[in-house]
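Based on the provided sequences and hints, a complete structural model is requested.
The listed protein sequences derive, respectively, from chains Z and P.
Using my numbering, you'd call the opening residue of the first sequence number 1 and step up by one each time.
Using my numbering, you'd call the opening residue of the second sequence number 1 and step up by one each time.
Check each hint, because a few of them may be wrong.
Label pairs and their computed distance ranges (CB to CB) [said to hold, decoys possible]:
hint, chain 1, residue 1, chain 2, residue 2, range
1, Z, Val96, P, Leu370, 24 to 32 Å
2, P, Arg138, Z, Val246, 41 to 49 Å
3, Z, Ala265, P, Gly177, 53 to 61 Å
4, Z, Gln115, P, Asp167, 56 to 64 Å
5, Z, Arg283, P, Leu370, 56 to 64 Å
6, P, Gln380, Z, Gly401, 42 to 50 Å
7, Z, Ser272, P, Asp268, 44 to 52 Å
Simulated pairs of lysine-lysine, DSS-like, Cα-Cα distance not exceeding 30 Å [as the list claims (entries may be wrong)]:
hint, chain 1, residue 1, chain 2, residue 2
8, P, Lys251, P, Lys233
9, P, Lys178, Z, Lys387
10, P, Lys251, Z, Lys192
11, P, Lys109, Z, Lys71
12, P, Lys198, Z, Lys192
13, P, Lys251, Z, Lys163
14, P, Lys217, Z, Lys71
15, P, Lys217, P, Lys238
16, P, Lys178, Z, Lys71
What the hints contain is simulated information worked out from the structure, not anything from laboratory work.
Since this is a predicted model, take the numbers as computed values, not measurements.
Note that beta-carbon positions come from the ideal geometry of N, C-alpha and C, so glycine has one too.
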Amino acid sequence: MFRYYLQLALARCRRGPAMVALVVLTMAIGIAACMTALTIFSALEGEPLPGISRHLYVVTMDAREQSQKDKPAYDTPDAALKWRDATALMDARPGVPQVALAQTQQRVGNPDGPQSDVANGLLAHGPVLRELGVPLRFGRPWTDSEQAARAPVVVIDSNLAQKLFGTEDAVGRSVEIEHHRFRVVGVTAPWKPRTQFIDAGPYQILAVDTQLFVPVGAALDAGVGPLNGGECGEETGVSNFGAVDVQRCRWLELWAALKTPAEVASYQSFLSAYADAQHRAGRFVYPPHAKLYGTREWMALNHVVPRDIALNMILAGAFLVLCMINVAGLLTARFLRRQADVAIRRALGASWRQVFAQHLVESGLLGLLGGLLALPLTLLGTWIVRKQPVGYAAAAQFGVGAFLALLELSLLVGMLGGVLPAWRVCRLPPAIQIKQA
Amino acid sequence: MLHIVKPLLRRPLMPLLVVLQVALACAIACNALFLLQQKVAPLVAPDGIGDPGNLVFLHGMFPRGDPWPAAQLRGLEDELRGVPGVQGVGYAATLPMVSAAQFTMDVGKRDGHAGVSTTMYFGDHLVRMLGLRMESGRDFTPEEAAADIDLGSGRDGPVIITRALADRLFPDGEAVGKLLPGTNSPVVGVVAHLMRNKFIQGNRDLDYTILRPGVPKQWPAPMYAVRLATPDKAQACKSMLSLVQRALGSKLLPGQHIQCDAYPDLRDQMLAPQRAAVWLLSGVTLIVLVVTLTGIMGMTGYWVQQRTRSIGVRRALGAKRSDVLRELLIENLVVAAVGVVVGLIAACGINLWLMRHYELLRLPVVYLPLGAALLVALGQLAVLAPARRASRIPPIVATRAL
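Printed below as a string of structure tokens:
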């Protein structure tokens, strides 16, 4: 029966080609606009680390140790911690996977050759590779004892290894950073989060390749500092780059992996108790308001993803609905023009259900045709976005998943657009239709 | 009127679809046009820069660790003045269209009062180097310009503000000679315009700018504004870059490069996302209108065809062509009007929802009649062809198949 309806629908498409073209084109434009917006939206609004970042929580508190005349209020949660607070929190909860992080940018060289390159990376204290899910290709992460002994070890990514040593397996070699040698213990696959969530702010949406992981203790000993020297208590908004005053400055973010709501609640109460104790002891001058934030919540709070992304998605969605109403109207007109055919089929014994199904198949087919036409339009749309001078341009990648979503969407659009017209045409009593014809 | 509304109500499906379509298109158009206007604002607003053609900025100097001493940076400023082809140099902490850092200040902020959001620029010769037009008062004196500012405590001192900010803060009188609300900073001068280097939504705020003399003592992102006397920008930039590289290079952050950019290029780069958004939004609005047009045309075409016989009867009974044409136009007007009313309510609703969830501004009332007029005109345009076809139906049709 379905094949027969399909043949009928195809035969009918040949009649009134202008109307068919209009319906298909309208659907195609609507679907393409929606898919383009959806591609960008899902790339940016999704999890920065799929499956991992939903368990990650960042520690925030007002940890200022001097009162600030120009900005006494704690308006926005602050994730910057001193090295001593970060390590104190980590040591007090050894059972919870925690890692203290700061971004860094360093010139990394091969000490026995001329090769060197500027690499972005993380200064980290704790099991950073495991907690962020960074895939290792060779070697191992640094061990707890190496971390405790502040051993000069480093993990680099395979691209950096290739560039410095001509081979990906650089385990056992040494790299030079700031005139100090670090032994490579592990090589990771090229890795970057989908969006920036460490050191989150409105200035960077897409994360850069993380090519370098250095344990904090060893880095500090060698004078390898974070990209942002942090907040040092004197004045707001001014900081140093590339070096840090460990005693004075707050510069590390502490991220904890907490799997269940109970774990989150327990860590939150532990955190509040720690911060309140520091406040009572007089170290933190303001009430600390210690609070955990989930990754997505933290990114939203820091406006990492510009609101235009969501607005464009809403706009595209509304446009698709408009196109569907349009298609519903055009299809109603198209179907009702053929009332006579329907009436004869009904008179010959077709039930209204069969008539309904027949018309739904036709509109579904038109939807698929629209989807087919939408594919090149979507590719064009994402191509245009990639050419745009916006920070998220590179996120406009149309993949297989998006293609499947497009096909489903087009079928859905066709069927939904056809429900009303099909229902309208199959409910007419056959006798009146024949008489009218 | 009744004979127009009644047939609509008898077979409501088609008119209903037109109403829905018009309503949705109206709601989308109102909000999209409003967003469009906000994106256009910085593109068309005056930036205040005089003679931008020979202005270049030296920027991208980030020190590793402690900032360069202010004296060293001022010394470099003097050296830059000696570069052939350089007419004047100003040393600044932030410059327009360079987004490395921003100083913002909420003037008059107290408990329960948000204050006026402004951007501050620090620099020693900003008025002259940027070519700002003084409207009243004076430029900073050389003594004021030579000050090194301690950001933590030294927030007070003479300021120059823009005309827009002066009118906002001191609505009934001259700003020069008064104190900036909530501070001990006397306003010494007023300039015509100077755009902020961070675009906050709404176009009125774009020009709320404060100038301060001098540069912060410990400043990790120094910049120079340079006026060139020579048209050979490339050569001048080359000499200046090598000079700065020699003076500061040993302490530069790895991966950062000193840049020498012409102001018009920086402005283009900064405004590029806005321009892209303008194209996107105007394209979307246009397509929405075209889709609505074809939709109304298709539906009305059928709606007319369906009533061929009754139109024939009316013609046979003495109705003129113009009567038929006018009635169909009025009918479309009624349907479109209902759609527009629903659409305007929806537009306001959507805007309220967006305000709550995306911190958008309130839709100005002026967009409602604008959107309404647009959609009504579109409806009339769409119905014109089917209505003319209907008016040409000969009365003889009425006698057939009766």
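So, going through the hints one by one against the coordinates:
no.	hint	verdict
1	Val96(Z) - Leu370(P): 24 to 32 Å	violated, 57 Å
2	Arg138(P) - Val246(Z): 41 to 49 Å	holds, 47 Å
3	Ala265(Z) - Gly177(P): 53 to 61 Å	holds, 58 Å
4	Gln115(Z) - Asp167(P): 56 to 64 Å	holds, 60 Å
5	Arg283(Z) - Leu370(P): 56 to 64 Å	holds, 58 Å
6	Gln380(P) - Gly401(Z): 42 to 50 Å	holds, 44 Å
7	Ser272(Z) - Asp268(P): 44 to 52 Å	holds, 49 Å
8	Lys251(P) - Lys233(P)	holds, 26 Å
9	Lys178(P) - Lys387(Z)	violated, 49 Å
10	Lys251(P) - Lys192(Z)	holds, 29 Å
11	Lys109(P) - Lys71(Z)	holds, 11 Å
12	Lys198(P) - Lys192(Z)	holds, 28 Å
13	Lys251(P) - Lys163(Z)	holds, 25 Å
14	Lys217(P) - Lys71(Z)	holds, 19 Å
15	Lys217(P) - Lys238(P)	holds, 28 Å
16	Lys178(P) - Lys71(Z)	holds, 24 Å
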